[in-house]
Amino acid sequence: MATLSTAVQWSRRTFLKVSVSAAGGLIAELSWAAASSRKASHQEYVASLGAFVRIGADGHIVIGARGCEIGQGVKTSLPMLIAEELDVPWSAVTVEQLSYGLVSSSEPAGFASKYGPQGAGGSTSVPQGWRDLRQAGAQIKWLLIQAAAQTWHENPDRLLARDATVVHPDGRILTYGELAKRAASIPLPKEEVPLKSKGSYRVIGQQTRVVDAREIVTGAAMYGVDSTAPGALAAVIARCPYFDGLVIHIDDTQARQIPGVRHVVPISGPRAGANLDRNLAAGVAVVADDFWSAHKGRAALRVTWDRGPAAQDSTDALEARALAALTQPGKIARQDASVESARRSATRVVEAQYIEPLLAHATMEPPNALIDLRARRALLMASLQSPDGASRMISAMTGIPRPDIEIRLPRAGGGFGRRLANDFVAEAVLVAQAVQAPVKVYWTREDDLKNDFYRPFGIHALTATLDSRGSITGWAHRVAATPRKYRAAGMEDDPDWIGCVDPDGFPAGCVPAYLSEFLPVDFTRPRGWWRAPLPTFSAFPVQSFVDEIATATGKDPLTLRLEMLGNARELDYRDHGGPKLHTGRLANVLRRAAREIDYGRSLPPRHGIGLAHHFTFGGYAAHAIEVAVSEQGELSVVRCACAVDVGEVVNPLGVEAQIMGASIDGLSTALRLQITVKDGCIEQSNFPDYPLLPMAAAPDVEVHILDSGFPPSGAGEMGVPTVAPALANAIFAACGVRIRRLPIGRQLQQSDT
Amino acid sequence: MTIELTLNGRRGVSFGGDPQMPLLWYLREHAKLTGTKFGCGIGYCGACTVHLDGAAVRSCITPVSAVAGRSVTTIEGLGRTGTLHVVQQAWIEEDVPQCGYCQAGQIMAAVDLLQRKPDPSDADIATLTNLCRCGTYPRIRKAIRAAVRLRRSQAASSRTNG
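Quick note, the sequences are listed as chains A and H, same order.
Here the first sequence stands for residues 2 to 754, numbered as in my numbering.
Here the second sequence stands for residues 1028 to 1189, numbered as in my numbering.
Chain H on its own, in the form it takes in the complex (with noise of 0.2 Å):
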């Protein structure tokens, strides 16, 4: 059986492996995209958060299967070519990664957030469920605050030059 999925915007990707293969595994290894990381196996830690017909999902407990049809996007399929997303721009600004290993999870679960809630409160943020054993939740929420007024600077300035 292959499946076919839409991969950060490449239609017609196909994949012919096994069909249960976590969508983590199909994408490190099959589609070499190796920013989406392993932390846990089991949906807990989030490294592995990636954007399911624009949604978060955990990779590692999604088979490949779950994906068919549907579109994908990594943490390499964020921005558009060139150009960061204002999420991935924040997080350079407030300085955020230590090791790093977990922040391509932590930014597609915040992107996700900001799709769901454009001005999200304390509490909103505090509903993110991705594990930085380095301990950069301070920044994290400093660079999701600091998201938001850049997305309103880039919106208000596109508005002026438009």
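Extracted from the complex, chain A is given alone in its bound form (with noise of 0.2 Å):
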């Protein structure tokens, strides 16, 4: 994802650096203590060993959490990929969020990151930690055995770490809290240390349950919103329903007159055409003693609201223009052959359009920032998926130089790309500096429907020749959308089509003549990163049209895709998730999902399986769905199955857990949501019209993991995907209704079937 590539990039040189100072102990001492005020009173019995790792005189070991959790399950994936390599047993492991790790750093210049990557985007931080916490935990190992072999003045290369202890060849054992201390006192090796190999695990790959679930399921776990700061004032804010509009007048009489409220406040919104890297939206913010009195004092705020340039726009004028831009030649983002040239030879033409809507995120947690800016330091505490932005963009607002900018990180209530963007956090600064006071701000859920970063709207085109033999001479997918770029900071430079076209994904390189085309169209709302932002959008089209190619030249679905995945090898994938994708490990997916749904059974009446594959970020994904369709239109899933190539697993029952979430995420969006604008404003206002699937609605889902060998790819996104399409697919084969528009809604009520 486009937006990680402003974190601190990690190598291996900055670690080493920082971690031979925290081993010093100033650095890692000072920001453990910040970290866990819960644990400050063991810290002068303590040694810290490198960043992440304490082990106290008693044994007990303390490994730091580096990721923002936001469901994805980092708190407990990525200390596993540490404690595995430190050859210690997890239950004997406690794990403690760290806070976002600033250094000043002098090459290069400017700041390194302490503990490397924290952000939360792109399914990256199990391939990250894979690189950088495995060393870690190996390095730690490493000073543990110098510290045995110097009390016992044995070459180290004899001594073996085991179950935290070091072993001597004689029998004789020390343990790591009696080592601890003089292993802090020796240097960090200089060059990398062996890792394990596979067969040795004992941490990764076990299942894992998550780290803190008992604060979890007792209500101790704290979110962003249950932070606190003296004196900190509640704040929500009202703000321009019309996308770039302003405050012409405030009327806040009544307001000011709800015991509670301190103030009231004009707070700025970007500027018309400017970029979205701040707050989304002007307004005025209600600044009070709590929440509810803030909240009673919006509600009798009179603000009067110059509607700016984007009153008029509306989703159905945005679906006019999306379908005038398909009439005219785009930017190519690919083109392999001719597609003209195979259209004029071909004996067959198959054409169809897809329509997918704006989305929003819904985190559970709504957004919201704890901010306190006094004496020209800063202390942020909010749910956040990108720490790293949120401190550049604090700094900038503030001129706080960043070191003095002090992020926690609590657990998040949901991320989904929402918070890649840090928007609240820019409004928080805004009240916190208007009223010279610590101010948590808080959303309300309509705050939030109303005031995303939606994923784009589009319209797929896609066109297929086919020769006298049914095969496919040539692909031609056309993607009318909102660029993603469009007001995105950072992305100035990139091409047109990048996040909205997936040029290299699937067929591209499987069929002889392929044009990968994007067709710009002008929307005035902010677009944001949505759980695999681009698989998600690509996948829906390019998989319902395989299924209609299928029929039309009377092939099974299943077998028209393996022909056209072909023999397994690797293909040229330059988007993230490259360089390369590998079409055998696509075709093991797609096969496995099909036999565990027992793909090509007899089925009962208006009963259908529909399967999809894709490529996500360096994972493959492949659905099998079967439901039912009633005479009546009503739709059940009767099953849904995923097969996954994650590439190595560190916690399965972590994965099992993304997969889930997924299909279950990837079920409510193409069954339900959407987001419309109408005369300039979001429609949707809270759950009843942005309903997500309850319970009663939600199938099990089967997941079947691959183990394929290669390295990890992460799992948070992977699942989502292809549900859309398989459930499409699905449907079509139960009762013949072809799904071309997003969500399916009543579609199938309302069709003759």
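Warning: the hint list may mix true and false statements.
[To be verified] For each label pair, taking beta carbons as the anchor points, the in silico distance ranges come out as:
{"#": "1", "chain 1": "A", "residue 1": "E684", "chain 2": "H", "residue 2": "S1185", "range": "52 to 58 Å"}
{"#": "2", "chain 1": "H", "residue 1": "G1036", "chain 2": "A", "residue 2": "A318", "range": "55 to 61 Å"}
{"#": "3", "chain 1": "H", "residue 1": "T1029", "chain 2": "A", "residue 2": "A318", "range": "43 to 49 Å"}
{"#": "4", "chain 1": "H", "residue 1": "K1144", "chain 2": "A", "residue 2": "R596", "range": "36 to 42 Å"}
{"#": "5", "chain 1": "A", "residue 1": "G200", "chain 2": "H", "residue 2": "G1036", "range": "37 to 43 Å"}
[Stated by the list, open to error] Chain A is nowhere near these chain H residues, computed Cβ spacing over 12 Å in every case:
{"#": "6", "residue": "E1031"}
{"#": "7", "residue": "T1033"}
{"#": "8", "residue": "R1055"}
{"#": "9", "residue": "A1082"}
{"#": "10", "residue": "V1084"}
{"#": "11", "residue": "E1121"}
{"#": "12", "residue": "D1149"}
{"#": "13", "residue": "S1184"}
{"#": "14", "residue": "S1185"}
If you are wondering where the hints come from, they were derived from the structure by calculation, not from laboratory data.
Backbone N, C-alpha and C fix where the C-beta goes; we use that ideal spot for every residue, glycine too.
Take each chain as given, in its own frame, and dock them per the hints.
Given below as structure tokens:
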């Protein structure tokens, strides 16, 4: 994901430098003390080893979790990587969340990340940790072995680490607790140390439960919205409902009479047309002693808005513009041979258009941010996905040097890409500056649905040319969509089509002639990353269209897919997840999903099975979904099976959870969800009109994890893209209705089946 | 006007603020019990579920005046000191939480269901309307069934030991 390119790049050099100073105790001690007041009483007894590990004289082992925990499980899986190489039993480990870590650096000049990448996006946490966190654990184990060698006057190569002890060939042992103090005085190795091989894993690959589940189920876990600071005021903001609109007049007479209301302050929004790198909307903040007073104060405000340049716009108009754009030539992202020539010599041409709506993220915990700007320092406590972006933004807005900005990373109540933007942090900064006090900005659900960075709307026009034997000779995928880079800071130099077309995705390289083309369409609302952003956007049209070709040619959809994938080979893939896409891995997940659902068996009337496969950020997934559609058009999902190859699996229980959840996210979205705009305003306001799937409609999900032996790809997003097309293909198989517009909504009830 | 209530077993807890304040915000900002979460503010998603006199209510639409003289139990008061409720145990056992934000409400709703239906059918479980954005529903179903088994085995062992 492009957003991640702004993160501090992690290099081995940086890691070693930082760790050496951390091993001296100072930097790590400071940050640990800040991160963990709960364990503060232990501080004097513990040795800090590197940036991530503390070992007490009593043998107590604490491993720091660096990532933003948004429900993807990194608070468990990343410390597991360290524990593995450190050779400590997982049951003996206490995990503590680290704060955002930034240190000044001279080489290169600027700042270095103390802990490596801490953001959450693009399913990158585990692949990155696979490279650096295992090495961090191994280096600390190396220190402990050196310490034992010094104690015993023994050659370190003769010593073994096992279960938090170092073992001498004669059977003597020293515990890590006994060795920690001495180990902390030894410099870290200058070279990387060898890592374990797959057969010797004792933590990696084990079914491991959420490490802080007890805190979650007892209500003790702290989320961003649970943060407190002495003297902090609560703020809610009345935002202009028209994008790029302005505040003309504020009547706050009533609002100021609400007990507890302290301040009413205007908040400026982005300049029309400028990059959307801070808050999204002009508005009026009501600041009070508590949320309820602020909320009542907001309800009592009378604000007159200048509706701005977008007051006439709507998603209906957007759709008309997109259809018109498709009649014109666009920007070519990839072209292999000539689809036009293929069309001229084709026996048959298949064409279809697919429409995908705007989507909101609707994280269960709405955005919020608590910031304390007093004394030329900043303390931010919020549910985040991009603490690095928040650090840069706060510094740019306040002039506070980045090392003086402390950012704590409480659990986040979901992310899905919403918190890659820090607009809510910008609001907190603006309000805190205006009222000169620490402020917690709260968002309601209505605020959330109406002020999001939406998944772009798009119309996909697909064409396949066929020869006399029904073989595909050409494939064109033209996308009319609102450019992802529209007013997006940091994306100015990206091609216009980035995030909207997938030029190297399937079936590129699998068909003789191929065209990937983008038609930009103007729209005013901001666009963002939404869980597996481009794969989710692309897989629905591509994988639906494969089935349409199968229908047109009388081929079986599974057979056609396997034919198209061809021999197992690597194809170039230039976007995130590349540089290669392995067709054999795609075929394997597809075959596995088909086998698990017993594809090809005879089904009851009005039942159907649909398949889809997709490559997402280096991971491979296929869904096989069985549905039943009644005569009245009532749809039920009978079975939902997903096969994934995400390479090496760190925590199978966590991967299963991610794929299960992603499958239900995909169903919820395909069946029910869309954001629409009318007269410049978002029409949806809360869950009744953005109706997430409830328990009663959510099927069990059968998750099958393939062991391919490749390095890990991460797993948070791979399960979403294939759901909608597999579902649409199953619906067609069940009742002959082809879904070409999402969400499915009431289309089945309204069609003649 | 001062409202008195019993909160997580503590009698005579009083609140002198706005009687129209939703119970949720009283709990979170005044009683400092932040385990109960805000999700929608309209009683739809269930993230704010607590027990009022033992039955599940949505605290975001329950004015604090409505709990005067009554007993409120939140996620923090569900287990006895040092011991988790079987539903909490089952939630850990089945590894239910992902982001975890809705789970306090899910657990309070599940406890309420099990009080009414000690051995709930699939259809009974499907009546739970709490939303989960992470899609943990399959594991919630498993955890509810696990809680039923856990309670039976604990009851059996306490009979044996008793």
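Structure-based check of each hint:
1. A:E684 with H:S1185: 52 to 58 Å: Roughly 55 Å apart at Cβ, these two residues keep to the hinted range, so it holds.
2. H:G1036 with A:A318: 55 to 61 Å: Hint holds: Cβ distance 58 Å, inside 55 to 61 Å.
3. H:T1029 with A:A318: 43 to 49 Å: violated, 55 Å
4. H:K1144 with A:R596: 36 to 42 Å: holds, 38 Å
5. A:G200 with H:G1036: 37 to 43 Å: Check failed, 53 Å falls outside 37 to 43 Å.
6. E1031: With a cut-off of 12 Å, E1031 of chain H remains clear of chain A, as the shortest Cβ separation is near 19 Å.
7. T1033: For T1033 of chain H, whose nearest Cβ neighbour in chain A is about 18 Å away, the distance exceeds 12 Å, so it holds.
8. R1055: violated, 8 Å
9. A1082: holds, 19 Å
10. V1084: About 16 Å separates V1084 of chain H from the closest Cβ of chain A, which puts it past 12 Å; holds.
11. E1121: violated, 9 Å
12. D1149: Its Cβ does come within 12 Å of chain A, the nearest being 10 Å, so this is violated.
13. S1184: Label holds. Min Cβ-Cβ 22 Å, cutoff 12 Å.
14. S1185: holds, 22 Å
Consistency note: the structure conflicts with the earlier hints numbered 3, 5, 8, 11 and 12.
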